[in-house]
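Start from the sequences and build out the full structure, keeping to the hints where you can.
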Amino acid sequence: MRILELRKGSAEEAELLEAAAAAHGDWVLAAAPVMTCLWLMRSEWAPGLRYIGGLAAAPDLAHKSDLPPLSVGGAGLRLEDALAACLAEAIERTAQIERDGDIALTAPLGSVSLPDQIAGLMDLVIAGDPARADEPIDWVRARDMTTSAGILVPADWCLRRQNATALAIPGAALSTGCAAGPTAEDAYTRGLLELIERDAASLWWLGGQPAAALVPGSIEAAATARLSAELRQGEDTGRAMRILDISSDLAIPVMAAVSQNSGGTGLAIGLAARQSAARAASSALVELCQMELALQLARGKLEQLGNAALTDVDRRHLERATVPVADLVPLAPASAPRRHGPPAGGANPACQPPTALTENDIHTWYVDLTRPVSSLRVVKTIAPRLQPMPGDLVTARLSAVQKARGHRLPPPVMIM
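By this note's numbering, the letter at position 102 of the sequence shown is numbered 109, and the numbering carries on one by one without gaps.
Everything labelled a hint here was simulated from the structure, so no lab data went into it. A few of these clues could be false.
Computed Cβ-Cβ distance ranges for the label pairs, DEER-style [unchecked claim]:
1. A138 to D193: 36 to 44 Å
2. Q169 to S342: 42 to 50 Å
3. P66 to A29: 43 to 51 Å
4. G313 to A18: 20 to 28 Å
5. G108 to G313: 41 to 49 Å
6. A247 to L309: 21 to 29 Å
Glycine is no exception: its CB is placed at the ideal position from the N, C-alpha and C atoms.
Structure representation (C-alpha cells):
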C-alpha cells in the first residue's frame with residue numbers, strides 16, 4: 008500500500024480539480040474548500056483502483072472549534088472520478104452536521120402525530136424504556152416520497168449532533184441512507200439503494216437468507232470479469248474473489264463481492280445495490296477493493312503505530328481477517344442463480360427503488376439537508392420497515408427471515 012499527500016493549493020490539486028470538474032460538473036470546484044487535507048492511496052491487491060481520502064469540515068461552521076473533521080473517501084478507475092466521489096461524500100457528511108434552524112419542534116413523542124410505519128420504528132427504539140416517550144424530543148421536517156406530505160421525524164435519525172436526545176437508533180450509522188446528487192431525485196434514489204443494500208445484507212448475514220452465485224455467462228458475470236482484470240492488472244495477489252447475489256424479496260439487485268487469501272482468511276466484503284445486476288456487481292467489486300485497502304491500512308497502523316492507534320473500524324477489519332472463511336455459512340452459495348431483467352438495455356420499472364418498496368408496502372420519507380455551500384442536493388432517506396445495518400434493532404423483516412431459517416446463530420464477525 009502506498010499513501011501520497013495531495014497538498015492543498017498545489018498545482019497538482021488544481022489540475023486534478025479541473026479534470027474532475029470537466030468530467031462531473033462545476034460543483035466539484037465549489038466543493039473543494041470542504042476538504043482540509045487530501046491523500047492518494049494505492050492498493051497492492053488492486054493497483055488499478057484509484058482512491059482519494061481526506062478530512063472534511065463544513066466551511067459555514069468554521070467558527071465552531073469543537074467540531075472534529077470527518078473522514079471521507081472516494082474510489083474509481085480514474086483519479087478524477089475518485090476525487091469527485093470523495094468530494095460528494097464530504098458534502099453529504101458535512102451536510103448532516105446540525106445547523107441553527109434545523110429543529111422544527113421540540114416536544115414529547117406523545118404530542119406528535121406520526122404515520123404508522125414511523126411510529127412502529129419508534130416503538131422498537133424505546134422498547135424496554137417507555138419513559139423516554141415523555142422526554143422532550145427534537146424533530147425535523149420530512150416529506151413522503153410518494154405524496155410529498157410533510158411529517159416530523161426525530162432529529163437524532165438525521166443529524167450529527169453534540170447532544171442527542173431520546174430517540175437515537177441504537178447502533179445505527181447516521182450516514183446510512185444519506186446521499187448527495189445533482190438533483191433531489193438522484194440523491195434520494197442513491198439513499199434508498201443504500202437502505203435496500205443494508206437490508207438485504209442483514210437478511211443474508213444475520214437472517215440466514217441464502218446467497219446465489221451469478222448466472223454463468225450473464226451480463227453481470229462478464230462485466231465483473233472485465234472489471235476485475237482492470238483492477239487487479241494481472242497482479243498475483245494470492246487472493247480469490249467471487250460475487251454473490253444476495254438480493255432480497257425486493258426487485259432490486261444486491262450483490263456482495265468477497266475475497267480471501269490463499270490460506271482461507273483475510274476476508275474482505277464489498278456490497279452494492281443498483282438498478283441492474285451488472286451495475287450492482289461492478290459497484291460491489293469496487294467497494295470490495297476499498298475494503299481490501301482498509302484492511303491493508305489497518306495492518307499498517309498496527310505494525311507501525313501499535314494497537315492504540317487503531318479505530319473501532321480498523322479493529323473490525325482485522326477481526327474479520329482472522330476468521331476462517333470456511334467457517335462462515337453465509338459465504339457458501341446455497342440457492343439457484345437468480346435472473347434479473349431486462350437481460351440487456353432499457354430500464355426495468357420494477358428496479359426503481361420507490362416502486363420496489365411501495366409494491367412491498369414499505370413507505371419512504373426524506374429529509375432535505377441541502378446546504379448553501381454546495382449545489383449538490385443532499386437528502387436523508389428513511390424506510391422504517393427495512394432492517395438497518397449496522398444496527399442493534401431487529402425489525403419484523405429480519406425476525407421473519409430468522410424464524411423461517413430456524414433461528415440459526417449469526418456468524419462470529421460482522422461485515423461492517
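Status of each hint after checking the structure:
1. A138 to D193: 36 to 44 Å: holds, 41 Å
2. Q169 to S342: 42 to 50 Å: holds, 46 Å
3. P66 to A29: 43 to 51 Å: Violated, at about 23 Å.
4. G313 to A18: 20 to 28 Å: violated, 36 Å
5. G108 to G313: 41 to 49 Å: At roughly 44 Å between Cβ atoms, G313 and G108 fall inside 41 to 49 Å, so the hint holds.
6. A247 to L309: 21 to 29 Å: holds, 24 Å
In summary, the structure is inconsistent with hints 3 and 4 from the numbered list given earlier, while agreeing with the others.
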